[in-house]
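Visitor: Residue numbers (our numbering), protein chains in the order written: chain A, 49 to 329; chain B, 85 to 415.
Hints were generated in silico from the structure; no laboratory data involved. Here the structure is a predicted model, which means the values were calculated and not measured. Fair warning: there could be bad hints in the mix.
Claimed, not checked - Derived DSS-like pairs: lysine-lysine, alpha-carbon spacing no greater than 25 Å straight-line:
| # | chain 1 | residue 1 | chain 2 | residue 2 |
| --- | --- | --- | --- | --- |
| 1 | B | 146 | B | 166 |
| 2 | A | 226 | A | 152 |
| 3 | B | 95 | A | 152 |
| 4 | B | 90 | A | 152 |
| 5 | B | 320 | B | 219 |
| 6 | B | 166 | B | 180 |
Said to hold, decoys possible - Covered stretches of chain B, going by a simulated chain A footprint (3 or more residues, C-beta under 8 Å):
| # | segment |
| --- | --- |
| 7 | 101–110 |
| 8 | 232–243 |
| 9 | 342–355 |
| 10 | 394–403 |
All residues carry an ideal CB built from backbone N, CA and C; glycine is no exception.
Spelled out from the first residue to the last, the chains are:
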Amino acid sequence: MRDFFAVICRNRRALWGMIILGIFLLMAVVGPLVVPLDTATSYANRYKLPSWEHPLGTDYAGRDTFQQFIHGSREVITVSFVTAIFTILFAFIVGTTAGIMGGKVDAIITFITDIMLTVPSFPVMMILSLAVRITDPISFGLVLSIWSWAGLARAIRSQILSLRKRDFIEASRVLGLKVTHIIFAEILPNITSYIAINFIMIMRNAITASVGLMVLGLVPFSSTHWGMMLQMAVGASGAMYGSSAIVYLLVPIVAITLFQMGCLFFASGLDEALNPRLRTQ
Amino acid sequence: MWGEQKLIWYKRILVMLVTVLFAMTLTFILIRIMPGDPVDSMAMDMVRTQGMNYEEAYRQAKAILNYDPEVPIIVQYFSYVKQLARGSLGQSMIYKTSVVDIIGGSLPWTIFLLSISTLLAFLVGIIAGMYVAWKRKTILDPILSVYSSVMSSIPNYIVGLLLILVFSVWLKKLPSSGAYDTSVEPGFNWKFFGNVFKHSLMPIGAFFLTTVGNWALAMKGNAISVLGEDYVNAAKVRGLKQRRIILSYVGRNAILPLVTNLAITFGMMFGGSPLVENVFAYPGVGYFLNQSVGRRDFMLMQGMFLTITVAVVISNFIADILNSILDPRLR
Numbered sequence: 049m050r051d052f053f054a055v056i057c058r059n060r061r062a063l064w065g066m067i068i069l070g071i072f073l074l075m076a077v078v079g080p081l082v083v084p085l086d087t088a089t090s091y092a093n094r095y096k097l098p099s100w101e102h103p104l105g106t107d108y109a110g111r112d113t114f115q116q117f118i119h120g121s122r123e124v125i126t127v128s129f130v131t132a133i134f135t136i137l138f139a140f141i142v143g144t145t146a147g148i149m150g151g152k153v154d155a156i157i158t159f160i161t162d163i164m165l166t167v168p169s170f171p172v173m174m175i176l177s178l179a180v181r182i183t184d185p186i187s188f189g190l191v192l193s194i195w196s197w198a199g200l201a202r203a204i205r206s207q208i209l210s211l212r213k214r215d216f217i218e219a220s221r222v223l224g225l226k227v228t229h230i231i232f233a234e235i236l237p238n239i240t241s242y243i244a245i246n247f248i249m250i251m252r253n254a255i256t257a258s259v260g261l262m263v264l265g266l267v268p269f270s271s272t273h274w275g276m277m278l279q280m281a282v283g284a285s286g287a288m289y290g291s292s293a294i295v296y297l298l299v300p301i302v303a304i305t306l307f308q309m310g311c312l313f314f315a316s317g318l319d320e321a322l323n324p325r326l327r328t329q
Numbered sequence: 085m086w087g088e089q090k091l092i093w094y095k096r097i098l099v100m101l102v103t104v105l106f107a108m109t110l111t112f113i114l115i116r117i118m119p120g121d122p123v124d125s126m127a128m129d130m131v132r133t134q135g136m137n138y139e140e141a142y143r144q145a146k147a148i149l150n151y152d153p154e155v156p157i158i159v160q161y162f163s164y165v166k167q168l169a170r171g172s173l174g175q176s177m178i179y180k181t182s183v184v185d186i187i188g189g190s191l192p193w194t195i196f197l198l199s200i201s202t203l204l205a206f207l208v209g210i211i212a213g214m215y216v217a218w219k220r221k222t223i224l225d226p227i228l229s230v231y232s233s234v235m236s237s238i239p240n241y242i243v244g245l246l247l248i249l250v251f252s253v254w255l256k257k258l259p260s261s262g263a264y265d266t267s268v269e270p271g272f273n274w275k276f277f278g279n280v281f282k283h284s285l286m287p288i289g290a291f292f293l294t295t296v297g298n299w300a301l302a303m304k305g306n307a308i309s310v311l312g313e314d315y316v317n318a319a320k321v322r323g324l325k326q327r328r329i330i331l332s333y334v335g336r337n338a339i340l341p342l343v344t345n346l347a348i349t350f351g352m353m354f355g356g357s358p359l360v361e362n363v364f365a366y367p368g369v370g371y372f373l374n375q376s377v378g379r380r381d382f383m384l385m386q387g388m389f390l391t392i393t394v395a396v397v398i399s400n401f402i403a404d405i406l407n408s409i410l411d412p413r414l415r
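Only chain B is shown next, with the shape it has when bound in the complex:
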């Protein structure tokens, strides 16, 4: 029994590693099959902006991109992997700094946005869902289903645009771009925190508003099916207080299956982060991925794509762990 369990985990870890390797290889190949020679276009750009002669520019571009079209693709691939193993992801063309530094600077912002908005949507969603399940046949039930079908029909980046329209353009209350004002010195003080908070309100709102309805619906569904279970009826017959039944019987058993989804959703939202972060020009991983794709900065693109994939893989792994802890049948 234990051996089998161990094997499943080994397999999971193997799939994780292969997935990351796969993501790495994919960007590597895609860049090589892209129409036009990236070295050439970069060299041309250097000739235009820095007035170098073409040969010199071409040599420099090869060095920066770590890519020589004349070297066989297999050799290129191994030198890329070797470089990666040393912890280097190369230089960003547009920002002229190392890609690792950009990841270090942007990843915390994305994690900050996503963790707060996911947790908030989860908490509000389960409370609302439980309440609606308990008070069935009230006006709240149709309100919830209308809200959730309307909000899940508007992509979150469009909700973001509408928020900007209302709070930045019309009411002029909230800043529409960035993570904090350039006039505020980043540091461990209330002024900085306040400023960051103000900038994060709308991006968090865009994620929150589009997901909270789904959590509430899922919670309502779970709670209703738990309410029909024998042990809940038994608890009622035993004369336990309503409050107690809701919290410790229905709540617990209906929430548990959703906890796993929480980790999966967190990972999925990483994949969608380019859109919301682009709307708010929020300097997270998605924003930099978008910048790199838009301006063909290949090293940055590979780095950001790898970061997002690793984030999703880790979230899914956490979901697996949570699942095995919470579901005793899998233990």
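Chain A on its own, in the form it takes in the complex:
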């Protein structure tokens, strides 16, 4: 663990990414406890510019934008975190099954993943959002992950295929160790860094997709999720056309961009730090 942080601190990109993500995480965990959410509407206060009382102004109904931004961070991070966990889980199960079993099972799984990779995921999510009633982060995460694991599953499969030929796996086979032991004790440690990088990138894609579904008005999830704020600013309240509402429109946009940049920096920095081949260039 200490090595891990040492590696990150040496890589500036990864460090910046970690700092940004750390701030967001802190905001999501501690923020809602410190900043209470006041949902009472007061039309006298609508679209106020930032002031001491309202650090980021107010929305179309006179509610404080800063409070929504803080509470939204928890929603955004929970949904993308759940999505990443589900996606990794699906991909790991499918990828290891294909890689370990080989033969016909492998051929069938590869065929299915090829198809899933071709059929575009966002339209599938749009249609799924009708079939599944999205009420909590779990169901939202399922909708976002169910069509997103194929690429990673394929990558895990090929990682395993290349590992299978290595001596230490051969050795544990000859020793008669159980398959589960080989997977969790021999193979998993070899691909953890790879999975960690993917975890961050999946969170990043989950934000784009979840906000996208909300902007289209298909998922009326929690009202403080940044995607919902954006949808309200653009669609419902027409904030784009009133100059005083500019702050309300920009808050979710800047938040989404910063979070995405944090993920990108952290993941690519991690990739650089953990992948010696990239470091030499």
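Place chain B on chain A using the hints.
Guide: Only chain B this time, still in chain A's reference frame:
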């Protein structure tokens, strides 16, 4: 050797067909497992809007949706496939026209937007990437990497929103929605083309701005690795002009691997088209898919989803063909 090659292509075509069949089946099933009976909700809607009695409305709704909840799902599926084989995708509930007509009207707009923006981003990207690779250690290199990490962190539909904010709301220079003004008669004249051009600038800009940085980065990476190859050093030693080396040695070999990506990207952007087209209310396939999902128009939804899938499948197939032409090892 040839037989093996042929087999690979047969397999590819088989996967293509299965993918399309799969996409078709998927929407079919999803609609059947959706909470609530679509026939019922449509019939209720007809009762409310047209004042029909419920039984009559229910019968009509069944006919329009081509769906009877009492018929076994297998029978339903085969009648759906049979209808599809005859080239019919049913009627759209919200637009009251055939789905095939809507596809015919919307597909050209999406292809127009995507092909221009992808090609433009590709061209500008490779030129910029090559330039940065050649002039390393200048300010341009960090500028490129900052631009590309910022722009790939903003989803393209949000870039679209910001463009609308700047060019439509503040500067009032560009129209924010549609493919052309309703006051302009569609036809083969400059006025119409000019109007279409003006409406397409921002959607194309949203796609272009978010992808050009990635092309430039990829091109830079390729060009740098090609610059280290022996044949480039040999060309330098032979005293060839810099211009010649850049264009015919480095450029060619660094661009080739990206050409395949071009086709794949084109297909991928089809999948993302609902978002950008929604922001600009641009009447392409994505826009109609979004309308159909939002208003539960199942026939239109199936048709649009199928169209997008077929577009992606064809783009990927073109990528495979390009790959086999460009990479002599695969020939």
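Visitor: Are any of the numbered hints broken by this structure? If so, which, sorted upward?
Guide: Going through the list in order, the structure violates no hint and respects every one.
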